[in-house]
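Trainee: Residues per chain, in single letters:
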Amino acid sequence: MIEINNLTKRFAQHCVVDSLSFRVQPGEVLGFLGPNGAGKSTTMKMLTGFLAPSAGSASILGFDIQKDRLKAQRQIGYLPEGAPCYGDMSVRSFLEFIAAVRGFRGAEKRERVARAVAQVELEKVLEQSIETLSKGFKRRVGLAQAILHDPRVLILDEPTDGLDPNQKHQVRKLIKSLAHDKIVIISTHILEEVTAVCTRAVVIAHGKLLADGTPLELESRSRYHQAVTLVAEEPLDQVALAALPGVAGVEENALEHSLSVLAKPGQVIFPQVNALIAQHGWKVKELNVERGRLDEVFRSLTRGELV
Amino acid sequence: MRQLPVIFQRELASYFATPLAYVFIVIFLVLSGVFTFYLGGFFESGQANLAPFFNFHPWLYLFLVPAIAMRLWAEERKSGTIELLMTLPITRFEAVTGKFLAAWAFAGLALLLTVPMVVTVNYLGEPDNGAIVTGYLGSWLLAGAYLAIGSCMSALAKNQVIAFILAVSVCFLFIVSGFPMVLDGFSGWAPQWLVDAVASLSFLTRFDAISKGVIDLRDLLYFLTLIAAWLAATAVVIDLKKAD
Numbered sequence: 001m002i003e004i005n006n007l008t009k010r011f012a013q014h015c016v017v018d019s020l021s022f023r024v025q026p027g028e029v030l031g032f033l034g035p036n037g038a039g040k041s042t043t044m045k046m047l048t049g050f051l052a053p054s055a056g057s058a059s060i061l062g063f064d065i066q067k068d069r070l071k072a073q074r075q076i077g078y079l080p081e082g083a084p085c086y087g088d089m090s091v092r093s094f095l096e097f098i099a100a101v102r103g104f105r106g107a108e109k110r111e112r113v114a115r116a117v118a119q120v121e122l123e124k125v126l127e128q129s130i131e132t133l134s135k136g137f138k139r140r141v142g143l144a145q146a147i148l149h150d151p152r153v154l155i156l157d158e159p160t161d162g163l164d165p166n167q168k169h170q171v172r173k174l175i176k177s178l179a180h181d182k183i184v185i186i187s188t189h190i191l192e193e194v195t196a197v198c199t200r201a202v203v204i205a206h207g208k209l210l211a212d213g214t215p216l217e218l219e220s221r222s223r224y225h226q227a228v229t230l231v232a233e234e235p236l237d238q239v240a241l242a243a244l245p246g247v248a249g250v251e252e253n254a255l256e257h258s259l260s261v262l263a264k265p266g267q268v269i270f271p272q273v274n275a276l277i278a279q280h281g282w283k284v285k286e287l288n289v290e291r292g293r294l295d296e297v298f299r300s301l302t303r304g305e306l307v
Numbered sequence: 001m002r003q004l005p006v007i008f009q010r011e012l013a014s015y016f017a018t019p020l021a022y023v024f025i026v027i028f029l030v031l032s033g034v035f036t037f038y039l040g041g042f043f044e045s046g047q048a049n050l051a052p053f054f055n056f057h058p059w060l061y062l063f064l065v066p067a068i069a070m071r072l073w074a075e076e077r078k079s080g081t082i083e084l085l086m087t088l089p090i091t092r093f094e095a096v097t098g099k100f101l102a103a104w105a106f107a108g109l110a111l112l113l114t115v116p117m118v119v120t121v122n123y124l125g126e127p128d129n130g131a132i133v134t135g136y137l138g139s140w141l142l143a144g145a146y147l148a149i150g151s152c153m154s155a156l157a158k159n160q161v162i163a164f165i166l167a168v169s170v171c172f173l174f175i176v177s178g179f180p181m182v183l184d185g186f187s188g189w190a191p192q193w194l195v196d197a198v199a200s201l202s203f204l205t206r207f208d209a210i211s212k213g214v215i216d217l218r219d220l221l222y223f224l225t226l227i228a229a230w231l232a233a234t235a236v237v238i239d240l241k242k243a244d
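Chains as they are written, first to last, in my numbering: chain A, 1 to 307; chain B, 1 to 244.
Quick caveat, the hints were computed from the structure, so don't treat them as lab data.
Among the hints, erroneous ones may be present.
As the list claims (entries may be wrong) - Below are the DSS-like pairs computed for lysine-lysine, each with C-alpha atoms no more than 30 angstroms apart in a straight line:
{"id": "1", "chain 1": "B", "residue 1": "78", "chain 2": "A", "residue 2": "124"}
{"id": "2", "chain 1": "A", "residue 1": "208", "chain 2": "A", "residue 2": "176"}
{"id": "3", "chain 1": "A", "residue 1": "67", "chain 2": "B", "residue 2": "212"}
{"id": "4", "chain 1": "B", "residue 1": "241", "chain 2": "A", "residue 2": "71"}
{"id": "5", "chain 1": "B", "residue 1": "241", "chain 2": "A", "residue 2": "135"}
{"id": "6", "chain 1": "A", "residue 1": "67", "chain 2": "B", "residue 2": "78"}
{"id": "7", "chain 1": "B", "residue 1": "78", "chain 2": "B", "residue 2": "212"}
{"id": "8", "chain 1": "B", "residue 1": "242", "chain 2": "A", "residue 2": "71"}
{"id": "9", "chain 1": "B", "residue 1": "78", "chain 2": "A", "residue 2": "109"}
In this text the structure is predicted, and so the values were computed from the model without any measurement.
Start from the sequences, fold in the hints, and give me the full structure.
Mentor: Right, here's the structure in full:
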């Protein structure tokens with residue numbers, strides 16, 4: 001378990017992380033969300049022992065990151081932001097270096113490196129120097145060094161930043177396959193990633209925790225949760241829709257003859273809307289119930305419009 | 001302590017991954033030859049010893065050794081790999097010392113390549129080979145002291161050029177601290193013990209003694225303490241500046 005208690009980091013007088021507290025259990029994939037400069041990376045740097053907190057504490061599987069730094073760090077695989085690597089080394093010698101620092105020697109070292117290389121598919125570039133690799137490959141080298149010692153805690157700072165859609169998919173698949181019985185924390189500002197890989201999302205802004213829940217719970221905080229969006233061939237009667245029980249309002253969409261009917265919190269309005277359509281005999285081309293829009297929740301949370 | 005050799009190996013190999021190592025060795029060998037034979041008057045002196053060779057080392061190292069040390073930490077900070085290194089389960093001591101020892105071993109290697117000089121002087125006459133050995137030891141210790149200063153300056157500056165200039169300046173201060181022009185600046189107002197303390201910091205007097213074949217335990221301790229102190233300072237600076 002990772003335990004974070006009132007973790008705080010001040011630079012000069014500026015408070016970057018403001019008494020953050022939460023816990024992460026094995027098996028959880030925690031998505032750490034927030035706008036740029038929210039304090040995500042700083043929090044991760046404190047969790048991995050790179051930065052000392054100004055106040056508060058963090059422990060990794062029972063090891064305090066300040067008092068028992070080395071023991072805690074042995075449990076962690078960390079991909080720092082931007083996946084820095086020693087550019088003048090070849091992929092193989094870099095990974096062998098990391099394996100040696102992690103305490104592996106001889107045949108076990110080679111086996112560990114080979115397994116990590118296979119997991120992120122680096123076989124083709126093994127002998128190339130890292131600085132000649134594309135961004136996607138560099139990121140994968142960073143991932144390989146993080147998972148090499150099969151850590152029980154994986155902390156990945158923007159693991160898919162700057163990758164193309166195929167590479168993103170691959171990295172997410174990898175994270176999912178690793179996640180079993182591990183603690184995974186990934187920071188991101190890509191919201192689709194949260195629904196794709198995370199079992200839990202924590203939203204922070206200005207160093208403060210704003211929301212903590214499953215992606216579904218977060219989505220349900222959206223105004224669009226349970227909203228019904230219709231696309232019709234003819235103009236729709238907005239007044240009739242708005243008058244239905246449980247309806248909070250009607251919004252016009254950019255598309256012609258397209259409306260979103262918003263539900264009041266906790267209400268299900270699909271049956272009523274459906275009945276009204278049948279009653280008026282509208283020709284509806286598309287009809288769907290929204291789960292909620294994460295980006296909208298994110299925006300309103302981080303701007304302080306919704307608590 | 002188990003990881004120190006791993007850090008050492010990687011760092012030493014990284015010197016040879018770029019042309020830097022070869023350029024350095026060539027320049028070092030050419031310059032030490034020029035200094036010995038032209039400026040030092042090796043032949044004209046008519047003496048079978050390597051004094052003309054060692055005498056110039058404090059000045060030769062002043063510019064060459066900071067060039068080896070400047071990348072030690074500045075590069076790590078610039079490329080962000082310091083975050084990788086410092087989140088691996090290694091102690092500060094292992095990181096700082098491992099990197100320093102690699103640079104020191106590299107300087108030692110360059111120094112060993114001047115062995116033809118020893119062969120030459122043995123061919124021409126009958127030198128005191130014991131003094132030559134202590135001369136090498138003194139020269140290597142001197143390089144170590146410069147490197148330790150350079151390591152600290154490299155931790156201080158993110159830019160390698162600035163790290164280089166800082167290191168040259170501080171090393172220069174340590175060379176000239178025994179010179180009358182510096183001591184005069186102190187003798188007017190400072191108590192005698194301070195003047196003596198400043199004078200005793202000088203590399204030159206210590207190095208001269210060792211390179212003439214006189215090994216005084218205090219001189220050895222001086223260099224080793226200086227190295228240890230600057231490395232400790234490096235560790236402190238890294239902790240303070242790593243996040244910038």
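Trainee: Hints first: check each against the structure and report whether it holds.
Mentor: Cross-check of the supplied hints:
1. Among the hinted pairs, residue 78 of chain B with residue 124 of chain A is consistent with the structure: their alpha-carbon atoms are about 28 angstroms apart, no more than 30 angstroms.
2. Between residue 208 of chain A and residue 176 of chain A, the direct Cα distance comes to roughly 27 angstroms. Compliance with the 30 angstroms bound is thereby established for this hinted pair.
3. Restraint check for residue 67 of chain A and residue 212 of chain B: not satisfied, since their Cα atoms lie roughly 49 angstroms apart, outside the 30 angstroms limit.
4. Proximity of residue 241 of chain B to residue 71 of chain A is assessed by CA-CA distance (about 24 angstroms); at most 30 angstroms being required, the pair is judged to hold.
5. Using a Cα cut-off of 30 angstroms, the hinted pair residue 241 of chain B and residue 135 of chain A holds, with the two alpha carbons roughly 28 angstroms apart.
6. For the given pair, residue 67 of chain A sits about 28 angstroms from residue 78 of chain B by alpha-carbon distance, which is consistent with the 30 angstroms threshold.
7. Distance hint between residue 78 of chain B and residue 212 of chain B is unfulfilled; the C-alpha atoms sit about 42 angstroms from each other, more than 30 angstroms.
8. In summary, the hint linking residue 242 of chain B to residue 71 of chain A is supported, as the alpha carbons are separated by about 21 angstroms, within the 30 angstroms threshold.
9. A distance of roughly 29 angstroms separates the Cα atoms of residue 78 of chain B and residue 109 of chain A; the hinted pair therefore holds under the 30 angstroms criterion.
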